[in-house]
Amino acid sequence: MLLEDLTSLVLWLLFTVITVNVVFLCFLFYRRISRNRYYLSKDAARERYRQVVADFSEGRLSVEAAAALFQDATTPPEQEALEEMLLSVARGANTLRVSELLFALGYVDRWARTAFGRKRSQELLAHALRGDRANISLEVKKSYFNLIRGMRLFSVPRALAVDHLGRLAPEFSIVFASEALRDPGTDVRQVAIYSMGHNRHPAVIPLLLQELEKAIVAGNDVSLRTTKSTMISYKLEDLYHFVPYLSHPNRRLRFFVVDTVREIANRAARETMLNKNDFQTEIYEAFLTKVVNDEFADVRARGAAVIRHFRDRRSLQALRKLLEDENEFVRLHTVRACADRYYAEIVPDLVKRISDSKWRVREAATKALGVFGVAGVDELYKFFVGTSDQYCSEQISEEIQRTGLTQDLVAALVSPQDAELAKGVCQKMALLGKTSLLNTALLSSGVQADARLSLMEALMASPTDDFVRNLSQIAAGDQGAVGARAEFLLQKIATASGQHVRSASAGGSGIA
Amino acid sequence: MHSSILQFFDYINAVILVYFVATNAVYTFLMLLSLYTVSLHAKLAGRRGYADIADSPVTPPVALIVPAYNEEQAIVSTVKSLLDLHYPEKEIIVVDDGSTDRTLASLIDEFQLMRMDLIYRQTVPSKWPLAFYYNPDRPELLVIAKPNGGKPDALNCGINMARSPYFCTVDADSIIERDALLRLMAPIVHSAVQVVVSGGVVRIANGCKLSEGRISEIDLPKGWLERCQVVEYIRTFLFGRPAWNFLNATFIVSGAFCMLHKETVMLAGGFSTDTVTEDVDIIAVLHRFLRRRKWKYRMVFTTDPICWTEAPHNVSMLARQRRRWQLGLMQTVMKHNDLILNPKYGPLGMLSMPFHAYIEAIGCVVEALGTVLIPFSFLIGAMPVSLFLLLMFLAVGYGTLLSMGSVLLEETTIRRYPKIRHVLTLMLYAVIENVGYRQMVTFFRAQGVLGYFMGRKRWETVIHKGLAGARVVSHEPA
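Chains as they are written, first to last, in the numbering used here: chain A, 1 to 512; chain B, 1 to 478.
With the rest of the complex left out, here is chain A (with noise of 0.2 Å):
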């Protein structure tokens, strides 16, 4: 009886499973056919609305106008296409007639309805028709039904309605990304703190903030990454909103806007040389009082690279006193903001820092001089003759190699007025073993004769085998004062390795 019911389970469980592998391919043929067919009508809404668009955009058809013509747009992929259209030319001028638009066709409703509820939604479009801010709270509403509705399975398609609704001209588009901070949904909130930044509203960065000091306070399951990437995208001119924050008591909450601060800063520093006069007196002169006195050193570190962009005399002098700061986080970044040709009076003080307790500050400020062009440099190679220490000698060789520097440095062994320094780092490099690019150069064809001579001399401070073999190859295959010049040094290399030898035997006190 048994044995009966195993066989007519197995036989059903094979029949299940076959049945679900014929769905599984008729499901396959209809998504791929589905597809097809949504493709094609989205291709063809297209072509069919973009006229209008563009008469729409270029201003030829008033709001109204334009959302009788839309009317028939009713399917999902007519609608989608008629989205990305109108949300293309969604820029400038066009941005509110675009929400404008997307109201009156009704898209903006259906979507406040995903994401809020019904109720909620018609209080939202409410408030956005009106233009006023939504009664934005960012505690997240107590209730059992939270733990669903903050499952993906839910809140996914949430997070998609906020998407759109983000992307509705700034005066509209803040009532719902504020609602949507409110949202159980991680993913919702993440599109709404997204959306904040793409459109730079000014009044939502206490909003922000507000999310930023959570996830630095409370903990936060939206990123402070996510957070402060939002917060990146405001521009030079949004900065005065920022400086309230930078005497707000939490101190990690002060980096943080300070440090989105220097990112803009340095975003628009891309584009254009800045001054002081391309920032508001209020955050001037709140980096150059507060910012540089700031308790906390990681404050006063991330306000230098501010301070740079200022260029006049008053950020020289802050950061003059930033260099000298007790903190090494605090001096080096200072360093990594001197590093700007403008502040050629601060070289001495740079190179003060070479010989900093810190390797980290060392490595900076060696970078540091070496954008200074040949100023800097020289003042590079000056200390790099002079220091005794060895790990700063060696951070600054590795500058120099990997700078580019070599090919300079060798040129200038010929120059009348660098050709004694340019010997003497050649020297240095080669008592620290780092000759490895200077071993190139002495078999490079392009380098002059002079200059391959005086190398040859510097190398010999410490010949290792490779410059050996080098000298050898010269000796073999240059029948000029090169040629000449190196079998010499061979020979002297010979004679000395010789009379070590014998030193070393005669001492009996030989290396095992």
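Rather than coming from a laboratory, the hints here were simulated on the basis of the structure.
Cβ coordinates follow ideal geometry from the N, Cα and C atoms, glycine included.
Incorrect hints may have been included.
[Stated by the list, open to error] To spell it out: a stretch of chain A is covered by chain B in this simulated footprint if at least three of its residues, at any positions, have a beta carbon under 8 Å from a beta carbon of chain B; those stretches are: (1) 14 to 25; (2) 168 to 174; (3) 224 to 234.
[What the hints assert, rightly or not] Taking lysine to aspartate or glutamate pairs in the DMTMM-like style, the calculated list, with each CA pair at most 20 Å apart, reads: (4) A:321 with A:295; (5) B:43 with A:295; (6) A:367 with B:89.
Here the structure of chain A is known, so what remains is to put chain B in place on it, guided by the hints.
Chain B only, in chain A's frame:
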């Protein structure tokens, strides 16, 4: 005597039956979780994109570490494709692990690298580098030459030279999609807790067309063996790992393309050389390290970052590969066996580790035994036909459902195969691979387990044809 033999077979068959029922139940559970998590992720990620991460200065820099051993044919195109990756700030560190061919020379020639004497600070153990090659005009690329020490040693060497907070391990013969690094970084950027590992999907590139180190046309391989592997990879990456990620119990991430937090790896001691699958081992090491310190962390697996790699072309190479993987898995689960059923390690200790130890590692021996004993018991009359049918159904029939389901999930979410012909072929092979191929692979895996118990330590070299038709020998230890 006869009755005791029958009793023995009854006993063995019962064990096999329990194993198959348990395995299929677990796989079904994982399948349902994966369906949920993969489809939702695809829906949201497809809409939002990754432009925010690409544009943000907050996105952490990444060092791509490429250990290379005799990769002369592939290395230049791999490096070119890595240089071309869409990512705001990256460094590429190629570690030539004592290659005996022109791997190093071809890099020097192609990228006009110059030998330099750079500072090397050894934080994690590795053989000391012989030389560094760098071009100031290509500051993103650094090549390190070192004596042969194996892949983990080469990775450790790269970590010691990396300057970025995250590093990504990349196989020298792999091809990474242009946005894959951004997609791999997305969960790190969005997570509120520290993400120490982020893994992505690996796909088989056999049959695809290549152009300038990129996949220019996706196609399926011609051979049945490679096609079966394509289905197998889809099933593994879409139906297993996303579910473990959902349960926060990731235990395996492919070393061919995986991002790790450098400082955590350094604190944990780097990659160890005592297993042949350093990528599996490092995950367990990190779990142990972080749990003991009670640090909050996440290890994530995402289905959309895609890395393409070459699969073995013949049975002999496939056998070598699978024996090595199984040996490595055995070494890792035995090395970290105190994690198994250890509640201190949460879902990892209570679910993931027992699954990987008893089903994935040792289970293949039961499965191999079942593959032989089920027909044998039936033929000698020690098993009734109904039980035989049930076991065959569990061993073969149910697998088709899982494989078909994974292909369907691929089609509805990631959709890397453009033509309907591709998907139908995959559906066909989702059935075919369960009859013959899977059993063959089970035997190879069982050999790997036996190898472990016989004290085998070294891995077997897998020779690839090379994606561009060239012969490539995969990385081997010293």
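* Asked: Where does the structure disagree with the numbered hints, that is, which hint numbers, in rising order?
  -> Per hint list: 2, 5 violated.
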